[in-house]
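K.L.:
Guided by the hints, dock chain B onto chain A, whose structure is given.
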Amino acid sequence: MSGAPPGLNEVLQRTFSFPKRHFLSATDLNEVEVANLLDLADGFVSLNRQTSKKLDLLKGRTLMNLFFENSTRTQSSFELAGKRLGADVVNMSPRSSSISKGETLIDTAVTLNAMQPDLLVVRHSSSGAASLLSQKVGCSVVNAGDGQHEHPTQALLDALSMRRAFGHISGLKVAICGDVMHSRVARSNIAMLQMLGANVRLVGPPTLIPAAADRWNVEVFHDMRQGIAGCDVVMMLRLQLERMDGVMAPSQREYFRFFGLDREKLAYAAPHVRVMHPGPMNRGVEIDSEVADDLSVSLIQDQVEMGVAARMAVLTSLAARLENER
Amino acid sequence: LSRPVAITNARIIDPASGYDGPGGVIVTEGVIADVAKGAGLGKLSADVEVIDAGGALLIPGLVDIRVKTGEPGAEPKETLKSAALAAAAGGVTTIVVQPDTHPVMDEPAVVDFILRRARDIELVNVYPAGAATKGCEGKRMAEIGLMHEAGCLYVTDADRPIVDSKVLRRVLSYAKAFGVPVAHRPADPWLSSGAAASEGEFAARLGLPSVPAIAERIMLERDLALVELTGAPFIVDQVTTAGALESLKRGLERGLPVTATTSINHLSFNEIDIGDYRTFCKLDPPLRSEDDRQAVIAAVASGLIQVIVSAHAPAPAEDKRLPYDEAAPGAVGLQTLLPALLAFHHDGQIPLIDLIRTVTAAPAALLGLAGGRIAKGAPADLVLCDLNAPVVIDADKLVSKSKNSPFDGRRLQGRVLRTMVDGRTVYSV
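Line order of the protein sequences matches chains A and B.
The working numbering numbers the first residue of the first sequence as 274 and each following residue consecutively.
The working numbering numbers the first residue of the second sequence as 2 and each following residue consecutively.
Don't read these hints as lab results, they were simulated from the structure.
Keep in mind that this is a model prediction, so the values were computed, not measured.
A portion of the hints provided could be inaccurate.
Stated by the list, open to error - Cut-off 30 Å, straight-line C-alpha distance, at most; resulting in silico cross-link-like pairs (DSS-like, lysine-lysine):
#1 B:167 <-> B:177
#2 A:409 <-> B:167
#3 B:402 <-> A:409
Claimed, not checked - Some chain A residues well away from chain B (every beta-carbon gap over 12 Å; in silico):
#4 280
#5 308
#6 380
#7 423
#8 484
#9 486
#10 514
#11 518
#12 543
#13 546
#14 569
Glycine residues also receive a C-beta, built at the ideal position from the N, C-alpha and C atoms.
Extracted from the complex, chain A is given alone in its bound form (with noise of 0.2 Å):
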C-alpha cells in the first residue's frame, strides 16, 4: 500500500482475516485476534505520526457514527480513523433526529440500514443496545460503548497503549479502581487483560464493586494501597460526581482521601508503574493533577493517540470481513 510505514504494510500483507461481522464484545475475541488487531494498529500509529496520514482501505466505503450518547472524543475518535482510511463518515446525532420523536432504536436501525452503510458505530446508554441492534442491519456494528456492559475498542486501546509501554501485557499486574460497578470500561478491560495473560485486580469502596465480581477471577480490595501494592499499572476509572453525593459514596473528598490516586497512594504501586484513565478526568476526585499530568508515569495522553489507530485497527478488520462476504 503506498504511503503507509513499512510495518504496517508487512502486517496488511499476513494472510490473517478477522473472522467476524461485529465488533460487539471483548469476551467475543480470542487472543490470535486480539495480537493482530493489536500489531494491525501498531501500524496504524506509525501512520498516523507520518505527515500524510491517508490510506485508502475503506475508500468507498460508508462510516456511520451513531451515538445516542454524547461523547465528543470517541466519536472524533472513530471519525478520525475512518477518515484516515478513506471512508466516508456521517455523524448522526439523535437528539436532533427522529429518535426523539418515539421512534425505536430498531426503526431507526432500519432506516439508516436502508442508506447501504458498510460500517455502524454505536453508543447507546442501554446494556446489549449495540447486540441488538446488529441482529437488524446488514452492515458491521461497532460497539463504542453500552450502558454498563462492554466498550471493547477502549479495552483494545488500552492494551495497546500497556504493549507499547512494556513490551508485554502477559504477566503485568493491573489495578482497575474505581466505579467498576457502573463501567463498561471496566468489564471490556477485565475480560480482555485476562485473555491476554494480565493479573487484574479490582479497586474501589464495596459499593462500587459488583457483589458478584470475586468470581471473576480477580483478587478485590477495599484498601486502595494493598490494591495497587506491586502493580505495574494503575488504572484509574471515571466516576460520575453524581454518584458521590452519599449516593455510592458519602462525598467527593471523602472519595478523594481514600480512592483518589495521588502520589502518596501511588508510591505502593511498582516503581516503574504506568497510569491509565479512559477520560474525561475528574481531576481532584479521582486522580490528582500532580499524577495525571506527570509524563513520566501517565499513559493517559498516549491512550487517545492509541484510539485512533486502534479503532483504525477494527475498522479495517471488519472491512475486509465485508469485502471476503461480497
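P.N.:
Here is chain B on its own, set in the frame of chain A:
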C-alpha cells in the same frame, strides 16, 4: 336444551378427591351429572353424545389466578377475547384478571364491565381481581366491599408492592371483614428500583441494573408479620427465591392463613436464559439463579407452594424489541401453562396429580370457586389432554395477540385435545 355428553374411556385425574385412574363423566346442562371411576358409565341413553377419550387424560379445567390482558385500555396488546381464546387453547377454563388496567379496576363499575364482557364473549370463566388501593397507588384503600359485591375474587395491586405498611395493614383488616383474600407481591421497592435482572455474576457481566434475591424475602417478612397482626387471608403473589421460601415455611408453621403462588416461568427458566439480552426472558420478578429455581421446584413438590400461575402478561413486539433495560417485562403463558407444567412430571420431579392440583383444586379452593374438580354437581369445566404428545412451542403461532413467550422453540410434551367450559366445547384440535 343441549344434548347430554358422555366422555368415556379416559384416565381421570381429580386432585380434589385424590383419584387417578380410568373412568368417564356425563355432562348435562353444563354440570357434571355423573362420574364413573374405575367402572364404566353403564348404559347410556340414545340421545347422549359420546366422546371416546381413547385413554387420554381427563382433568378439571385449569384455574389461572394471575392473568393480564390489555382490556380495558391497552387492547392492541391483548383483549379479553384473545386472552380467552388463548386460555381455551391451553386448557385454562377460569382466569382471574389483574386490576392494573386503564382505568384501574378499583371500583365496581370496572368489575362489572369485565364480567359483562366475559359473558358476551362466552368462552372461559373470567373473574376480576380488584385493586387493593385506588389507582394501585398504594395510598388509599379501593372500594373493596363494593367490588366484592360486584364479583371480584381477591384484591391486589398486581405488580406494585404496597410500600406503606400502614396502608397494607388497613387493607388486610378491612378485606378480612368481607372474606376477601389480599394478594401482594413481595418485593422491596428500594432494592428493586430500576432493576432489570437478578443480582449475580451473570447480570454483572451483562452490565444490567439488578436486584438482590433478598429483596423478596425482606418484603415477605413484613407481609407475614402484618398477616400475623391482622389474621387476614393472604396470597403471596409469586415466590421465586430460596430465601423467601424459608420465610414462607416459618410463617406456615406458625399457622398463618397464607397461600403462596409461583409462576410457571420461574419454574422453567433461570437467569442464564436471558443469554444475549433476550427480552422475552425479561420478567417481573426477574428470572433467578438456578439454585433459586430448584428451591421453587422443591417447594411445589413439598406443597409449600400450592398454586402455580401463568403470570400471563402480553407485551407486543414494539415493547419487547428494545434494549433490555427499556423493554417491557412479562411473558404470555396461558397457552403454554399446561405442557410446561407437565414437563415436571415427564422429568420425574413432581407427581402428576400434585402438579395438576396446583392449577385446579388448589386455586379453586383458595378462591371458593365451584370448579377445579371432577365431581357430581360441579360445573363441567373439563380438559382432555394427550399427556405424551410432543409439541414444539412456536411463539408466532400462539393465539394471544402478543407473542412474547420465553418458551418459543421449546420442546414439551402434552397437548390439549379438547376444552369444555360449562359443558360447551370451547376448543378442540
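K.L.:
Taking the earlier hints as the rules, which of them does this structure contradict?
P.N.:
Numbers 2, 6, 7, 8 and 9, in rising order.
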